[in-house]
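Enquirer: Read off the chains here:
Number of protein chains: 2
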Amino acid sequence: MSAPDPTLLSLNVATVRTQWSLEQAIEGCARHGIGWIAPWRDKLAECGLARAKALIKTHGLKVSSLCRGGMFPAADDAGRRAAIDDNKRAIDEAAELGAACLVLIAGGLPKGSKDIAGARAQVKDGIAALLEHARAARLPLAIEPLHPMYAADRACVNTLEHALDLCDALGAGLGVAVDVYHVWWDPDLAAGIERAGKRILGFHLCDWLVPTTDLLLDRGMMGDGVIDIPAIRRMVEAQFYAGPREVEIFSQNNWWKRDADEVMRTVKDRYASAT
Amino acid sequence: MSAPDPTLLSLNVATVRTQWSLEQAIEGCARHGIGWIAPWRDKLAECGLARAKALIKTHGLKVSSLCRGGMFPAADDAGRRAAIDDNKRAIDEAAELGAACLVLIAGGLPKGSKDIAGARAQVKDGIAALLEHARAARLPLAIEPLHPMYAADRACVNTLEHALDLCDALGAGLGVAVDVYHVWWDPDLAAGIERAGKRILGFHLCDWLVPTTDLLLDRGMMGDGVIDIPAIRRMVEAQFYAGPREVEIFSQNNWWKRDADEVMRTVKDRYASAT
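As given, the protein sequences belong to chains A and B, one line each in that order.
The first sequence maps to residues 139 to 413 in my numbering.
The second sequence maps to residues 139 to 413 in my numbering.
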């Protein structure tokens, strides 16, 4: 197995979200020799799309993904239409930045609902309603299954298998983002990655800490947890995935409290030694 | 769909673990007209097996399960043998109490390990090593898949499908416990319950709160969360499951802080109105 290719490392800006603006993250990537970046839309809006695009170009970076679209289920038609409209804007922004894909997070149960099958049907309908727009923009949509602990409030697509069923049903222009944090536990992971094949549009890295003290904001740096990341890298590379590897760490009590340049150095070191 | 049968309600003593000893829980069940109880082994040891058995008989209760066996993976052979020996003792205790089953929780990764496939193989070997003893005691073993958020540190069997694969591979004397908390998110839940069929040995109730503030100790009372419990009850009853329904709620900041008789009244009310 070859060493992790340093030219494929990407910084998801969520990793330094409390420390840096998007402009600072772009400059930070350039300073640390990280060639890819993945902005979130809130930071992109703060920076301004045109300015972000210019800064990314000036610093010679590439955009591994825009985070994020999705969040389809809603309590009423107006809510569902608003989500689709917002997703179309996200597609346009991602295309303008030349992003490799737009990450789609399904969304959870509408407020007050216990109908997860219904929410899943709304996700399917929502993605279907976006596909023509995405194809016209030549912008791949990457469904990212989230860990089942987010099924209620964040994403009701929780396995690679489910995400691929959506891809099969809806056709061209769709793929998946494989985040080790969300899928590492899945006994069918190897089969799912093989089934995904060329539809792998993104590969995201962090680690699962023991203990995990918060469902959302206690992700670990690669190497600090229990995920066999090299094993999962082998699986995605066996499917000829040769795209960027995005480091995305939500860590309210550790990495978000550290100096961002220290975080960047650690990301680079751990990418090389623990992925 | 018929109303929940009040004679099938069972109190898992973890629901009042901070308030009551096993003796108090037995008396509490009798006082509140709850006909089934599920002890944990730590409380059983405090009470003493013979005394617990006598108290349960005196109060006319039945034992829906003993919690718990399992925890098979270990870093070395001695650890794995110790787990099997302890499980044999748990089988003997459950048989002595006339429990309907012994609940098996797989166990997580051995300390320092990232080999989840290896841990899963150890679970299979561990259950295989128990089966003769369990069959001789005529004591069914119920594999309880736990939510994937426990894969690292508590149980590496995380889906009904995986639990049933183990049942298929290992044969008679094994079944599954279906806890709505652990399986509600699974897009293949209906198929899994149908596949389980007569192998459903237990049905456990609580609810998934939004937000959930702790991975282990923030379970909700039935009706306070997002799980469509009646829908899952329909699925298990369609497989002719007519056994007890165990209420098991770990709730460090709410139910464990309340008066235990209030908890018992709420369990009964919500069992009737929200399951």
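What the hints contain is simulated information worked out from the structure, not anything from laboratory work.
Treat each hint with caution, since some may be false.
Which copy? The list can't say, so a pair holds if one copy fits it or any two copies do.
Claimed, not checked - In silico DSBU-like cross-links for lysine-lysine, where the CA-CA straight-line distance does not exceed 30 Å: (1) K181 x K226; (2) K395 x K249; (3) K249 x K406; (4) K336 x K252.
Enquirer: Hints first: check each against the structure and report whether it holds.
Expert: So, going through the hints one by one against the coordinates:
no., hint, result
1, K181 x K226, "within (18 Å within a copy, 57 Å between copies)"
2, K395 x K249, "between (32 Å within a copy, 28 Å between copies)"
3, K249 x K406, "between (40 Å within a copy, 26 Å between copies)"
4, K336 x K252, "between (35 Å within a copy, 27 Å between copies)"
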